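J.: Below are the chains, spelled out letter by letter.
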Amino acid sequence: MSDQKQDSTEPAAASGGPAPSRRALLGWGGAGLALGAVAAGGAVAAVRPGSDPVPAADSGAAVPFHGAHQAGIATAVQDRLHFAAFDVTTKDRAELVSLLKEWTRAAERMTAGHAVGDGAYGGLAAAPPDDTGEALGLKPSRLTLTIGFGPSLFAKGRFGLEDKRPEALVDLPKFPGDNLDAARSGGDLCIQACADDPQVAVHAIRNLARIGMGRTAIRWSQLGFGKTSSTTPDAQTPRNMFGFKDGTRNISGTDTAALDKHVWVGEKEDAGWMTGGSYLVARRIRMHIETWDRTSLQEQEDVFGRDKGEGAAVGKPKEHDEPFLKAMLPTAHVRLAHPDSNGGATILRRGYSFTDGTDGLGRLDAGLFFLAYQRDSRRAFIPLQRSLAAHDALNQYIQHVGSAHFAVPPGVRDKDDWWGRALFS
Amino acid sequence: MRAVRFSVVTAAATVAALTAVTGCAQKSDGKGEGALQVVAKDDSCEVSKKKLPAGHVEMTVQNKGSKITEVYVLFPDDRIVAERENIGPGTKATITAEIKAGSYEIACKPGMKGNGIRQKIEVTGGNAAERSPEMDKAVAEYRTYVQAQADETLPKAKKFTDAVAAGDIEAAKKIYADSRLGWERTEPVAESFGDIDPKVDLREDGLEAGQKWTGWHRLEKALWHDKKLGAEEKALAPVLYKDLLDWQKRVGTADITPTSMANGAKELLDEVATGKVTGEEERYSHTDLIDFKGNVEGAQKSYELLKPVASKNDPALTASLDKQFAALNTLLDKYRKDKNSYEFTSYEKVGKADRKELSDAVNALAEPLSRLAAAVTK
Numbered sequence: 212m213s214d215q216k217q218d219s220t221e222p223a224a225a226s227g228g229p230a231p232s233r234r235a236l237l238g239w240g241g242a243g244l245a246l247g248a249v250a251a252g253g254a255v256a257a258v259r260p261g262s263d264p265v266p267a268a269d270s271g272a273a274v275p276f277h278g279a280h281q282a283g284i285a286t287a288v289q290d291r292l293h294f295a296a297f298d299v300t301t302k303d304r305a306e307l308v309s310l311l312k313e314w315t316r317a318a319e320r321m322t323a324g325h326a327v328g329d330g331a332y333g334g335l336a337a338a339p340p341d342d343t344g345e346a347l348g349l350k351p352s353r354l355t356l357t358i359g360f361g362p363s364l365f366a367k368g369r370f371g372l373e374d375k376r377p378e379a380l381v382d383l384p385k386f387p388g389d390n391l392d393a394a395r396s397g398g399d400l401c402i403q404a405c406a407d408d409p410q411v412a413v414h415a416i417r418n419l420a421r422i423g424m425g426r427t428a429i430r431w432s433q434l435g436f437g438k439t440s441s442t443t444p445d446a447q448t449p450r451n452m453f454g455f456k457d458g459t460r461n462i463s464g465t466d467t468a469a470l471d472k473h474v475w476v477g478e479k480e481d482a483g484w485m486t487g488g489s490y491l492v493a494r495r496i497r498m499h500i501e502t503w504d505r506t507s508l509q510e511q512e513d514v515f516g517r518d519k520g521e522g523a524a525v526g527k528p529k530e531h532d533e534p535f536l537k538a539m540l541p542t543a544h545v546r547l548a549h550p551d552s553n554g555g556a557t558i559l560r561r562g563y564s565f566t567d568g569t570d571g572l573g574r575l576d577a578g579l580f581f582l583a584y585q586r587d588s589r590r591a592f593i594p595l596q597r598s599l600a601a602h603d604a605l606n607q608y609i610q611h612v613g614s615a616h617f618a619v620p621p622g623v624r625d626k627d628d629w630w631g632r633a634l635f636s
Numbered sequence: 042m043r044a045v046r047f048s049v050v051t052a053a054a055t056v057a058a059l060t061a062v063t064g065c066a067q068k069s070d071g072k073g074e075g076a077l078q079v080v081a082k083d084d085s086c087e088v089s090k091k092k093l094p095a096g097h098v099e100m101t102v103q104n105k106g107s108k109i110t111e112v113y114v115l116f117p118d119d120r121i122v123a124e125r126e127n128i129g130p131g132t133k134a135t136i137t138a139e140i141k142a143g144s145y146e147i148a149c150k151p152g153m154k155g156n157g158i159r160q161k162i163e164v165t166g167g168n169a170a171e172r173s174p175e176m177d178k179a180v181a182e183y184r185t186y187v188q189a190q191a192d193e194t195l196p197k198a199k200k201f202t203d204a205v206a207a208g209d210i211e212a213a214k215k216i217y218a219d220s221r222l223g224w225e226r227t228e229p230v231a232e233s234f235g236d237i238d239p240k241v242d243l244r245e246d247g248l249e250a251g252q253k254w255t256g257w258h259r260l261e262k263a264l265w266h267d268k269k270l271g272a273e274e275k276a277l278a279p280v281l282y283k284d285l286l287d288w289q290k291r292v293g294t295a296d297i298t299p300t301s302m303a304n305g306a307k308e309l310l311d312e313v314a315t316g317k318v319t320g321e322e323e324r325y326s327h328t329d330l331i332d333f334k335g336n337v338e339g340a341q342k343s344y345e346l347l348k349p350v351a352s353k354n355d356p357a358l359t360a361s362l363d364k365q366f367a368a369l370n371t372l373l374d375k376y377r378k379d380k381n382s383y384e385f386t387s388y389e390k391v392g393k394a395d396r397k398e399l400s401d402a403v404n405a406l407a408e409p410l411s412r413l414a415a416a417v418t419k
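Protein sequences, first through last, are from chains A and B.
Heads up: the first sequence begins at 212 in the numbering used here, then just goes up one per residue.
Heads up: the second sequence begins at 42 in the numbering used here, then just goes up one per residue.
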């Protein structure tokens with residue numbers, strides 16, 4: 212520790228009134244704030260402006276946390292991401308369950324623009340504040356928090372979940388060209404935080420990680436900026452780090468038929484607790500930016516199968532014109548990734564660009580943090596990636612370096628429900 | 042150790058507490074007759090009154106000078122009660138502290154340098170926080186512990202510094218880590234004196250311009266990195282011993298309160314989290330795990346003494362702390378063959394994944410430990 216402590220809150224003598232622990236406070240949510248003098252100040256302090264739920268179209272507003280499906284999947288893609296994968300360090304199932312309940316209550320508060328627990332200040336002076344405070348005064352910024360359960364959570368002898376592991380939650384196969392770093396792969400749990408303000412997303416993960424200490428530990432995490440696909444088709448299609456529009460044909464967040472068909476797990480098709488959930492594949496894809504930038508425009512466009520300016524498929528004038536796949540090179544990325552080339556396999560993408568400094572060789576450590584949601588990865592991501600890994604012309608410019616697969620349970624219905632209830636009950 | 046600035050936690054908590062807060066989060070009970078205005082200029086430090094009642098004192102500091110300043114509340118012996126740094130020209134800051142009856146000095150330091158411009162104040166009567174007999178007992182036992190650690194350290198330190206002075210590298214290396222154990226167990230108390238810690242436990246990267254590097258780590262580098270003991274090192278050995286003797290003499294006078302014990306325990310874990318798990322503390326000798334164990338033992342001692350009260354106020358917290366202390370100790374035991382020995386694996390040989398595991402266990406303990414002070418002040 213160095214001088215960073217100089218402004219910290221120092222111990223004070225007894226304050227009057229009861230002093231509930233942070234964990235106890237978490238359970239109070241927005242309702243039970245009548246905790247006496249200690250909480251009274253904190254309750255006021257805890258509310259950020261703009262916390263009344265208003266339509267998400269208004270940037271800065273709150274996205275409803277409760278619903279049949281978790282927010283953060285079909286939700287209009289926010290500008291920023293903080294994604295974290297956790298190892299569960301406790302061996303005690305009851306502790307894991309109580310953590311999931313605490314996380315749910317904290318997520319409810321944060322997505323509504325409230326601080327965690329008793330807030331970031333105004334509470335007991337002798338204790339660290341419940342909330343870390345860096346999101347105070349910021350709008351909810353359409354924060355969504357989405358949880359997923361990894362295959363390792365279902366391992367035999369851990370939490371008694373081996374019989375509940377969905378068949379679709381397979382261990383992803385090794386794809387040709389993968390150069391996976393174990394320290395950036397896997398995880399028992401994941402939390403995806405998306406928001407229009409990076410500070411809000413980082414704040415959310417930080418507070419959940421803190422609540423989890425002793426029961427979970429962050430295994431790896433990824434910050435993302437510049438969404439690389441959109442679930443709002445009327446919006447301008449975002450561009451990836453290669454400068455190409457990405458996600459022209461992504462599933463629209465309002466297309467319930469397509470979502471039901473390709474994204475949400477149906478009744479009785481899998482483990483019952485997954486009905487209304489989805490499967491998430493996360494891949495950290497390193498892009499060889501420097502070699503790409505030395506590549507001719509012609510080759511760049513050939514590699515994708517679309518032009519760089521408009522984003523139109525080969526031979527077409529407009530971005531949204533139906534592509535004629537056979538006009539593209541057989542190795543073109545768009546041709547290989549298209550549902551028509553993959554027996555209709557369709558995924559919902561929510562990827563983000565990342566740059567994590569340089570790699571020690573003077574190259575930008577940058578790329579795409581690919582996030583795909585689907586009803587069954589065995590019928591969507593896996594065949595798709597098999598085909599891409601084998602033939603995609605883009606492969607000489609990219610490498611998959613991190614990988615994880617998660618079962619994303621259905622939404623939290625109301626204030627009594629919690630993340631994973633159906634799995635653990 | 043804290044490379045640049047020492048934690049004010051223990052020093053401040055000697056009186057009871059201070060809360061350095063921003064203007065928008067003042068404690069309401071700091072207002073009224075306890076309020077004190079300080080006007081800091083480049084050549085003056087005016088206080089609105091010289092006599093105050095004890096209890097919560099709120100100070101409003103106005104920097105009307107042209108330089109950035111800092112304001113301290115000091116004991117007569119210069120120990121810090123409360124402080125506020127980086128008060129820009131034309132800005133205001135608030136310091137709240139709980140102060141017991143006694144004499145103090147307010148120091149303004151324009152330019153954040155030197156001894157500052159000082160004003161004496163007297164604090165009388167008032168309503169200082171009451172302490173329970175149970176807590177007094179905990180404090181008394183902890184004081185005994187701290188003294189015993191210092192007393193046990195000195196003969197070991199003597200052995201170490203004698204070996205260095207004699208140029209006996211092997212003998213010095215052998216006793217080096219052990220000579221630090223008592224210090225590591227009680228570091229926050231030693232740090233509360235402010236001046237001893239930088240003399241004995243500073244690392245090279247913590248040196249300020251013009252500061253002479255002395256102490257254990259200076260000799261550690263000579264022993265393990267330079268692998269030789271020159272005249273300078275031999276001369277520094279008795280200096281270290283003398284500084285530790287000073288510590289042993291003064292440690293009994295340290296002001297200790299239940300909150301300073303609780304926060305000291307948390308600080309020991311912070312030390313582990315920032316210096317030991319990274320291998321920075323003992324970068325040449327790689328004896329970090331011994332310090333690590335010492336820090337944990339010291340934290341556990343504070344905790345055990347406070348537990349009777351804490352477990353009444355917050356049984357869930359003490360249950361969690363019991364569990365996490367046990368888990369961390371079990372993990373540490375993996376790195377020594379014999380549970381009664383302090384011969385731990387060289388930290389060089391602890392791989393990345395194992396360091397992560399240690400770090401996770403430290404976080405798991407430090408997080409609930411940060412709530413111990415609240416549990417004993419309820």
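Calculated directly from the structure, the hints in this document are not laboratory data.
Note that this is a predicted model, so its numbers are computed, not measured.
Even glycine gets a Cβ: it sits at the ideal position worked out from N, Cα and C.
Hints are not guaranteed to be accurate.
[As the list claims (entries may be wrong)] For each label pair, taking beta carbons as the anchor points, the in silico distance ranges come out as:
(1) A:G368 to B:S382: 54 to 62 Å
(2) A:G344 to B:G131: 24 to 32 Å
(3) B:S400 to A:T443: 37 to 45 Å
(4) B:G271 to A:D382: 32 to 40 Å
[As the list claims (entries may be wrong)] Straight-line C-alpha distance at most 25 Å; calculated SDA-like pairs for lysine to any residue:
(5) A:K302 to B:K253
(6) B:K262 to B:T319
(7) B:K253 to B:K393
(8) A:K302 to B:K262
J.: Hint by hint, note whether the structure agrees.
T.: To see whether the hints hold, each was checked on the structure:
1. A:G368 to B:S382: 54 to 62 Å: violated (33 Å)
2. A:G344 to B:G131: 24 to 32 Å: holds (26 Å)
3. B:S400 to A:T443: 37 to 45 Å: Holds, since B:S400 and A:T443 (Cβ atoms, about 41 Å apart) stay within the stated range.
4. B:G271 to A:D382: 32 to 40 Å: violated (59 Å)
5. A:K302 to B:K253: violated (50 Å)
6. B:K262 to B:T319: holds (17 Å)
7. B:K253 to B:K393: violated (34 Å)
8. A:K302 to B:K262: With a Cα-Cα distance of about 42 Å, the restraint between A:K302 and B:K262 is violated, given a limit of 25 Å.
Violated hints, listed in ascending order, are 1, 4, 5, 7 and 8; each of the other numbered hints is respected by the structure.
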